[in-house]
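In case you want the letters, here they are:
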Amino acid sequence: MAEGLTRALDEMARQDVDVLVLGREGNARFVSGATRLWLAGTRPFAPGCVVVRETGAVHLMSATDFGVPAEVPRARLYPMSWNPVNVMGAVAAIAGVSSARRIGVDGLTPLFEQLFTATFPGAHLADGEAVMRAARRVKSAREIESIRAAISVAEDAFAVTAEALRPGVRELELKGVFEERMCRSGTTTPAFEGAFCVVDDEPVRRLASDRVIVDGDLVAMSAGVLLDGWEGSLARTRRCGAQTTEDRDRRSRWAAQWTPLVDRCRAGARVGDLRVSAGASIHGVGLGAEALEDSAALEPGMVVQLELEANGVLGADTLLVGDDGAEVLTAFPYAAGGD
Amino acid sequence: MTDDLDLARMRRDRHRKVVDALDAQGLAAAVLLGQPAVAYAVGARAPAADAARAAQQRMIAIVTADGDAPHLYTAFPEGAPPELPADHVHEALPMEWPEGATALLGALPDGPIALDEYTMPLHAAMHGREITDATAILGPCKVVKTADERECIRRAQAINEQAMLTVQAFVAPGVRGTELSGVFLRRIFELGASANTVDPIWQVMPPRIADGPYSATGDVVFPTPTTDRQFAAGDVIWVDTGIDYEGYASDFGCTFVVGGPESRHRDQAARWREIVDRCLDVLKPGATAGDLVRAASADEVGRPWLPHLYLAHGIGTNSAEMPLVGTDLGDEFDDALVLAPGMVLVFEPVVWDDGNAGFRAEEILAVTDDGYEHLSARDGGPRG
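Chains as they are written, first to last, in the working numbering: chain A, 1 to 339; chain B, 340 to 723.
Any given hint could turn out to be false.
[Claimed, not checked] Label-pair distances were calculated between CB atoms; the ranges are:
# : chain 1 : residue 1 : chain 2 : residue 2 : range
1 : A       : D324      : B       : A408      : 51 to 57 Å
2 : B       : D693      : A       : Q114      : 39 to 45 Å
3 : B       : G599      : A       : G322      : 41 to 47 Å
4 : B       : T707      : A       : Q114      : 34 to 40 Å
5 : A       : H124      : B       : G641      : 41 to 47 Å
[Stated by the list, open to error] Partial selection, computed: residues in chain B whose CB lies under 7 Å from chain A:
#  : residue
6  : A387
7  : H462
8  : H466
9  : P545
10 : P546
11 : P552
12 : R617
The set of hints was computed from the structure by calculation and includes no laboratory data. From the three backbone atoms N, C-alpha and C, an ideal C-beta is built for every residue, glycine too.
All chains, full assembly: derive it from the sequences and hints.
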């Protein structure tokens with residue numbers, strides 16, 4: 001059985017959920033290992049994947065087994081339909097679903113809420129996202145390797161993009177440079193639309209424009225990839241053209257806040273406390289970005305993205321939390337020349 | 340054809356439509372969590388992102404029936420439209436947690452609310468509120484496009500088409516789909532695309548459906564995610580890509596034949612052309628989706644499109660939206676769907692010769708007062 005499924009089933013038992021009906025692609029991928037078409041943006045809830053605790057089986061909405069691991073046999077694929085009533089009918093026909101007392105869903109629409117109530121009148125709708133969040137939070141050794149591999153693709157593309165940061169290039173062209181290089185490494189899915197923005201004011205913009213970058217511009221760069229679904233991403237701030245003494249000052253002021261922040265990312269630290277630092281943000285990293293609540297405490301094996309925007313410098317690294325501090329998985333230099 | 344595009348006018352027109360729809364339904368406000376819905380009602384932008392990240396950093400819009408400017412909650416204030424008053428642009432509200440959901444609830448006016456989707460904390464927080472489905476409000480607004488909206492689609496599609504001309508030169512034996520994606524993504528940003536919205540598809544089609552991949556329904560399997568498989572001479576590649584320009588999607592489909600098309604490929608493309616032309620013969624205000632289905636299917640064995648998809652679909656701030664034509668929603672649905680000026684349709688029939696693969700392309704048309712106009716180029720047949 002796929003390790004993700006085992007952890008999801010354990011968490012279902014802990015949270016007393018009989019069946020999970022999942023609409024979020026990262027959740028479906030975690031329990032099934034399936035690669036389906038990547039689309040940017042939010043999608044309204046639809047039942048794309050079903051996990052039944054009683055049978056331990058994963059069922060997927062798919063017309064083909066292309067990209068679907070052998071652990072999900074063809075008999076466990078259910079058809080797509082534009083008619084939500086048909087989709088709910090297919091879900092209800094899955095062995096073990098109709099007898100569920102508690103069904104976990106990772107989102108809803110007003111329409112699907114009605115359909116769930118009508119199809120499973122005795123069942124309670126539980127927070128399936130809470131189940132999946134708990135199951136996904138602490139990474140296995142294999143998952144950490146997958147994240148490391150994604151980071152290495154991201155850093156390679158980031159290096160090429162930093163090279164392309166020359167006078168005359170437009171901000172949005174750098175998005176294309178990053179993504180082209182990412183594709184050369186064999187992955188075509190970015191984690192997000194890269195931000196390559198000249199720093200004028202704070203907060204730093206995250207939407208690259210058609211602005212032409214000129215010599216001397218300070219540029220905040222943030223980008224990432226998904227390799228087999230796993231995220232590798234980072235952020236740095238670079239000067240277009242020669243570095244100045246001011247850059248070193250800025251960076252050392254940034255580092256004066258950053259270093260203690262990284263030092264606090266260790267087992268037991270409360271996420272909300274890390275967020276209190278001005279300009280700091282933190283979220284989980286796995287099959288894409290993972291949400292972390294303020295009240296969560298860091299645990300060994302969690303992988304997080306720590307970001308700090310201070311003194312006109314944006315920087316972000318991916319950290320593996322351990323008992324005695326964090327290992328910084330991203331290794332890209334903070335300054336041109338390997339600083 | 341017009342080069343005139345006024346984004347502020349476009350946003351004003353869309354907002355007015357949503358307000359009028361709320362008013363007509365006696366609703367106090369629309370609360371929108373879906374990013375294409377926020378893009379429509381407010382005209383705001385956030386970076387395109389993987390679904391998980393997009394959900395966590397989602398923008399939220401509240402459109403009130405009193406006609407006041409909408410309220411936008413966003414982590415990306417630079418993506419708010421310039422005319423939106425500063426006190427209507429708020430910090431993001433995290434809908435993954437009860438605190439954010441409660442704060443959103445506190446920002447709502449009294450009375451019945453239209454909502455498009457829930458996170459589970461929002462579902463818990465909204466318990467007891469009178470909620471209707473916001474898609475019933477937005478759908479009728481979105482389905483008829485203003486001239487500005489059609490111009491955005493035209494521009495999105497023009498960028499996509501131009502980028503594909505660059506890609507086309509790279510199609511050769513030994514090349515991989517992932518490399519074509521790289522060329523494509525580089526080019527769309529150079530040409531001014533805001534974002535890429537779907538992993539570009541370059542699917543090598545099997546000669547026969549039975550050659551795989553496995554099809555649960557016996558129909559042609561499409562689309563599948565791009566792999567690093569190398570193309571070989573004679574491969575038939577179905578292409579499907581989509582980008583974003585000012586919130587509007589493009590949808591580009593074509594067929595490449597590695598090493599160049601032969602006569603059988605041109606014959607298939609000619610049959611595809613006939614199917615689309617039969618649809619265009621009946622495409623005008625007052626015609627129904629059912630009329631298009633019958634026109635496309637005339638002289639054909641079966642319905643010449645992918646049965647799990649459609650003969651045609653609308654496009655706008657969603658890459659596929661109403662009107663949907665020829666889906667499994669059935670004949671009654673199609674016959675009840677009456678076309679009106681301003682509706683936009685992406686036609687994507689398929690010609691399949693089992694043993695010789697097939698041809699697929701896409702063509703975008705807007706319904707005009709007396710017929711139609713192209714928002715895409717007219718498909719020119721197989722490429723390569």
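Comparing the hints with the structure gives:
D324/A and A408/B have their C-beta atoms about 52 Å apart, which keeps the hinted 51 to 57 Å range intact. For D693/B paired with Q114/A, a C-beta distance near 41 Å keeps the hint of 39 to 45 Å intact. Taking the beta carbon of each, G599/B and G322/A are about 57 Å apart, not inside 41 to 47 Å as hinted. Checked against the hint of 34 to 40 Å, the C-beta distance between T707/B and Q114/A comes to roughly 38 Å, which is consistent with it.
Between H124/A and G641/B the C-beta distance comes to about 44 Å, which sits within the given range of 41 to 47 Å. Here the hint on A387/B is kept, as its CB sits about 4 Å from the closest CB of chain A, short of 7 Å. Because the closest C-beta pair between H462/B and chain A is about 5 Å apart, less than 7 Å, the hint holds. Because the beta carbon of H466/B sits about 11 Å from the nearest beta carbon in chain A, more than 7 Å, this interface hint is broken.
Taken as an interface hint, P545/B does not check out: its beta carbon lies about 11 Å from the nearest beta carbon of chain A, beyond 7 Å. With its C-beta approaching chain A no nearer than about 17 Å, P546/B sits outside the 7 Å limit, and its interface hint is violated. Against a cut-off of 7 Å between C-beta atoms, the interface hint on P552/B holds, since the closest Cβ of chain A lies about 4 Å away. With its C-beta approaching chain A no nearer than about 23 Å, R617/B sits outside the 7 Å limit, and its interface hint is violated.
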